[in-house]
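One-letter residues, chain by chain:
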Amino acid sequence: MPDVTVTIDGVTIQVPSGTNVVDAARMAGVAVPVFCYHPRMQPVGMCRMCLVQIGTPRLDPATRQPVLDDAGRPVIQMMPKLQTGCTTPVSEGMVVNTVADEVKFAQRGVLEFLLTSHPLDCPVCDKGGECPLQNLTMQWGPGMSRFDYNDKVHFEKPVPLGDLIYLDRERCILCSRCVRFQDELADDPVLGFDNRGRNWMIISKSDPPFDSKFSGNTTDICPVGALTSSDFRFRARVWELDSRPVVCTLCPVGCNLSLDMRYNQLMRVMPRENGAVNDIWICDKGRYGHRFVDHESRLTTPMLRRDGQLVPASWDEALALVAEKLAAVRQAHGGSAIAGLAAPRLSNEDLYAFQKLFREVLESNNLDQRIGAPGEPALDDLGALLGPGTGSDLAQLGAGTTVLVLGADPEEEAPLYVLRLRAMARRGARLLVANLRPTKLDRSASTRLRYRAGAELAFLRGLLRALSDEVGTDRLTVKSSGLDQLRRALFATSLDDTAAACGVSAADLKAAAATIASAEHLLIFYGAEARSAGPAVVETLGALLALAGKAGQSNSGLIALLPGGNSRGALDMGVRPDARPGYAPLAQPTIGARDLWNAVQGGRVRAVWVAGLDPAASLPAARAALDAAEFVVVQDLFLTETARLADVVLPAASVAERDGTYTNAERRVQRSRQARPPIGESRPDWQIVQGVAQRLVQAWVATGAPAVPAKGPKDGKGARGARGGVEVGAVAVAENGGWDYLTAADVAAEIAERVPGYAGVTYPALAATGKPGSWGRQVNEAIYYDGTNYENTEGVGIKLPSLIESGRASLNLAPLPVPATADDRPLLLIAQPLAYDGDPLLRGSRLEAHVPEPYVALSRADAERQNIRPGDIVRLASSAGELALPARVVDDLPQGVALVPANLAGVGLATVQTGPRTRVSLVKVVV
Amino acid sequence: MLLDTHASEIETILGRYASRRSAVLPLLYLAQDTYGHLNDAAIREVAAILDLPATDVFEVVGFYTLFYNRPVGTWVLQVCDDVPCCYLGAEELVAALKQSLGIQEEQTTPDGMFTLQRVKCLAACDRAPVLQANLDYVYDVTAERVEALLTHLRERAAEARKRGVSGRFAEDYAFGADGRPLRLEREAPYTPRVFTPVPPPPEPAPMAPPEAGTEAESGERRVSPL
Ligand code: SF4
Ligand code: SF4
Ligand code: FES
Ligand code: FES
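Protein sequences appear in the order of chains A and B. So for the first sequence, my numbering puts the first residue at 472; every next one is plus one. So for the second sequence, my numbering puts the first residue at 70; every next one is plus one.
It is worth saying that the hints were derived from the structure and are not from the lab. Careful, some of the hints might be misleading.
[As the list claims (entries may be wrong)] Per label pair, the in silico range of CB-to-CB distance: (1) B:Arg89 to A:Lys628: 29 to 39 Å; (2) A:Gln513 to B:Arg89: 16 to 26 Å; (3) B:Arg90 to A:Asp678: 18 to 28 Å; (4) B:Arg230 to A:Asp1363: 31 to 41 Å; (5) B:Ala164 to A:Gln513: 44 to 54 Å; (6) B:Ala87 to A:Pro679: 25 to 35 Å; (7) B:Thr81 to A:Arg914: 24 to 34 Å; (8) B:Arg252 to A:Lys1395: 54 to 64 Å; (9) B:Pro179 to A:Arg1317: 41 to 51 Å; (10) A:Asp967 to B:Arg89: 26 to 36 Å; (11) A:Met615 to B:Thr81: 51 to 61 Å.
Glycine included, every Cβ here is placed at the ideal spot set by N, Cα and C.
Only chain A is shown next, with the shape it has when bound in the complex (with noise of 0.2 Å):
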C-alpha cells in the first residue's frame, strides 16, 4: 500500500494508507489514549478516549486541488468536531493534533464520565497496577470528579461468567473488546451484551458457559478489572510478580509464557509476546494447565524399592544402584538387554543427554519416546524433512497463501494455531479444511472439504492428480526419488474414480488443486486423524508440497501436530528405535516402544529405564512387562502408575525449575528459564541423566571392563542420503566419556556441535534473537493497550532449515504400499484428541473440571440404527477385544465413525485398538 504523509503534533512522517490515526500517532511518538481499540482487532468507536483534532488539505472544488496559502502550503481545514483516532484512516496530508484544549477537554470529560460508575475498588481489585484505567487516569484523567460517591450504581458481584472468568459488572466501561476478540479472533462467539444502558453487562449463554479455550486471553485485553481469573483473582498484587521466561511444554505450539512467581510461588501464567509462535495470545491450557508444578503431589525424594515397599533415599544411594544395576544387565546381557522410554515433553536437553546414556553408555538402541499403546502411529519424520524452510514466519502470511489443513483438530491439539491460522486467513490466505469430519476450524476455512471416512489416501491422490494435471512435475526440484511409480499410481485411476472413491467431487478437487498450485506459499497441517490413517497419507502431503514446487521454501511446508510440547525436538534428538539424532537412520531398528513389553515378557530386554511417562496407567501389557521386569528405573514429576512399579524413582524438575530449549511443530528452537529452584530434591531430567552416566563411566573405568566409546555418534554423517556430513565434527571427548556438563547450556552446545540441523543453536544465540519488534512498543506504551506486560526479553527462537532445505536428504515420492484390511466390521473407532484429557499435567488446575467423562461419539443415523441415546451403554467389540462406554449421539459425525478421546484415564482404548485406527462392531448393552 502507498505510503500516506501525515503530521501528527507537528511531527511529519508516512505510514502506509489505510493506517488509523492511532496507529500513525504511534508510529510519530505520539501516545493517543484508548480503551476499546486494540490493534489486533477492528476499531468500533466505542468509548471515545482517542478524540483528537484532525485536518485534511483544503481541496478546490473545481480542480480538487489543494488550495495553497501565500507561502505555497496547503491551506488545512480543520474538521469541525473533534473525531475518534481509532475509526479515522489517514488521508494525505492530514493534520492531527492530540494536545489541543479541546482534546484535552475531552480526555478529562470521557475519563470522569467512565468513572462515575467505577466502583474504585483498585486496593481489591486484580488489575490494579497494570491497569489502563488507572494509568490513563493518571495521565489524562480529571483530578476530581463532579458526581457524587453515593451516586454510584452498584450491582451484585462478581458474575462467574464461566468457571475461569469472573466479571464485575461494575468496573467494566462496556468497551466490547472481550465480546470481539471472541468474536472476530477465537471464533467462539460466546460473549455478549445483555440489556441496555446502564444495565448492559457482558452475559454467556454458551454451553457450558464461556465455552472457549482461549477465554484468559479477554482478562489481558480487558483494559479494566472487570474480567478476572478465578484462578488468580486475590492471590497476589501485580508489583509483586517477578516475570519468568518460560515454553509452554503442555502442546507442540510452544507458546511463549511468563510464569509470575511471588518468591517461589507460581502466581499466574500470562502470555509472552512472540510474533512467530503464539502473538501475544495463549490458550487456556496454558495459562490454567500449569499448576502441576505446585501440587502437593509432586515427588521430592528419591525413592527406592525395599521389602517390596518405595522408601525415601539419598539421590547418591539411588543414581548408585541404577549405575550399578545397569552395568549388571549390560555385562550379563548385553547393552540391548535395557530400553529407554522418554516423554516427548521433555526439553532437547533430557532428551538428548538421555539417548547419549543409552547409545553411548550403555550401548543400547531400544530407545523410545511412546508407550508402545496399539493407537500410537508411525513416528512422523516429514514434518522435518519438509517442515517450513528458514526465515518461515507464520505472522507474515496472509495473501498469497494456500494453506490446507488436513485430518486435524487444531483447536484440540494445537489450540493456538486456530489464532495463527485465522489470523492468516483474516490477512487474506486461503484456508483449506479437509477433514473426514466437522470441526471449528471448518467455520474459518475458505474450502471446507469433506471427505468419506478412511478415503484419505484416495483424497489426497485425487488432489495430487488434480494438481499435477495443472502444473505437471515441472515444478519438482528438490533431491528426490519415485516420481515415476507416483505417477504411475496417480495415473492408474481416473480423476473421476478417485473422486468417487472419496466422496470430493472432481470440480472440487480441481479447484483445490488450482488453490494449491496459486500459492505462493503452501503449509500443509496435519493431525492425529491424517495420521491415524496410516504413513501413506502423510508421504502424499510430502509428495503434494513438493509436485507443488514449495518444498524447502521458506513459508512453505509441512507441520505436524504431534502430541508431546517437544515432540520434535524428541524426534530431532533420536529418542526413536529407528534413527539417532538428526534423522540418520540406523541400519537395524531396535526395539521401540511397540515391541518392548513382548520382548521384556521374553527376557530379551531386562531393566526398562522411563522417563516422563505413564504406560502402566494406560496399557495392561506395560503394566504386566514391568512388573515382571527385572529392574525398572522411573524419573518423573509424580508417583505415576509406572513409578509404583519401579525398583527406583527418580524425582525430576518440572519446566518452572530449570532451563531448557524446546523445538516447536515448526521446528523453531525457543529456550526456557528457570522460574525457581527445584521442589524438594528434585533435578532436571539430564542431570539425573548425567549422575547415572558419570557412574557409569566411573565403573567402567575403575574395573577396565566394556569399553566407552569415547567418540561422537556412529554414524556421524547425519540424515539420510547425505553426503560428507558437515555438521558433525568429531568432538573431543574427556575421560569422563563427555558427562561434564555444568548447566543445560554445556548440553544445548553439544546439541549444536553435534545433532544435524542445531548447528548454532545455542544459548547466546537464541538470546540474541533479541526482542522481538512486531508489536513494537513505546517504552511504557503496553499500559494503553493492555495493561498487562508481553515484554519478550527471551528472543524469538531460532528456526532451523528443513532437511530437505539444508540438500542433506531426499524425498522418496514412490508411494507407500498400502496395507488391505480384511476386517468388514461396520465402525471405524478413532482415538479423538482433546485438549483437556487425562494428562496427568493438568493435575491442580481448575481445568480438570473441564475433562469430560470416558464416551463413545456416534453418528446419529448409527445411533438410530441400533436404538441407541446418549448416555446409553454401547459396547464396542474389535479383533482385539471389547470395550463398553456411554454414547454420545453426534449430529455431524459422519455414518460409520465412532470416535473415543485419545487420553482419558480409565477409558481402556488398548483394549480395542489394533492400531491406530481400528473397525468394531457396536451393540447397544441392554441392562
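Chain B with the ligands: place on chain A using the hints.
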C-alpha cells in the same frame, strides 16, 4: 418444540429472508406468543433453529423491551407517560390501574391476567391518554374508563391467549358511546391520511372601529389585530 408445532409458519418466515439469521425477530415473536414469554429454553430453541450462537439471541432479547424474558400476564398494559399524555391524565390513569389491579409497575396480577408497564410516547398523542394492551392501541383512556377497559380485556382473555403478547396482530380500540371499548377498523391497506391544510386566517380587515356588541355575541374566534 416450535419446529413440531409451527413448522410451516417457521418455513414461511425463513423463506422471507436471504440469510437465516435475519429471521431472529419474527421467530422470537413466534416463540414469545407460543410460550407466553421468552424463557431460556425458548431463546435457545430459536438459536438452534437459526443456527446462531445462543449468546447472540440472548443479546437481541435483552436489547428489545418488547421481548419479555420474565413471565408476563395475558395482557401487558403499557401506559404512555410521556408529556402530552401526562397533560391529559396519564398519571391518573396509571394510578387508577394500580388501584384497580392492586399491583405496581412491572408487576403482574396474581391471576396472571395483567402486567403493568410505563412506556414513552406511543405516537398517538392526538388521542391521549393512550395505552397499549398487547400492542392493541386503546385511545382516550381516561382514568374513569379503566374499569370498562379491564372488563373488556378480561372478556377477551381467551382471544389474547390465542394471539399472544407480542401484538403481531394488534388492533385499535376507542370507547364507544356506551362507554365500552370498540374496535376501530384499520385503514387497510394503509393509506397515508390526507391532511387538508388549515385555511390561513382571513386577512384582517383594515382597521375599523368594531361595532359595539358584535364581539361578545358572535362567539367567533377573533383575529387579533396585533
Ligand atoms: S469486560 Fe472488560 S473487555 Fe469486556 S466490555 Fe467490559 S471492560 Fe471491555
Ligand atoms: S497452544 Fe499449546 S503451547 Fe500454546 S499455551 Fe496452549 S497448550 Fe501451551
Ligand atoms: S473510541 Fe477510539 S479507542 Fe475507543
Ligand atoms: S405522549 Fe403518549 S402517545 Fe405520545
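Consistency of the hints with the structure:
1. B:Arg89 to A:Lys628: 29 to 39 Å: Hint holds: Cβ distance 37 Å, inside 29 to 39 Å.
2. A:Gln513 to B:Arg89: 16 to 26 Å: holds, 24 Å
3. B:Arg90 to A:Asp678: 18 to 28 Å: holds, 19 Å
4. B:Arg230 to A:Asp1363: 31 to 41 Å: With a Cβ separation near 39 Å, Arg230 of chain B and Asp1363 of chain A satisfy 31 to 41 Å, so the hint holds.
5. B:Ala164 to A:Gln513: 44 to 54 Å: holds, 50 Å
6. B:Ala87 to A:Pro679: 25 to 35 Å: Distance hint for Ala87 of chain B, Pro679 of chain A holds at roughly 33 Å.
7. B:Thr81 to A:Arg914: 24 to 34 Å: Check passed, 28 Å falls within 24 to 34 Å.
8. B:Arg252 to A:Lys1395: 54 to 64 Å: With a Cβ separation near 59 Å, Arg252 of chain B and Lys1395 of chain A satisfy 54 to 64 Å, so the hint holds.
9. B:Pro179 to A:Arg1317: 41 to 51 Å: Once the Cβ atoms are compared, 44 Å apart, the range 41 to 51 Å for Arg1317 of chain A and Pro179 of chain B holds.
10. A:Asp967 to B:Arg89: 26 to 36 Å: holds, 34 Å
11. A:Met615 to B:Thr81: 51 to 61 Å: At 60 Å between Cβs, range holds.
Going down the numbered hints, you'll see the structure goes against none, and every one checks out.
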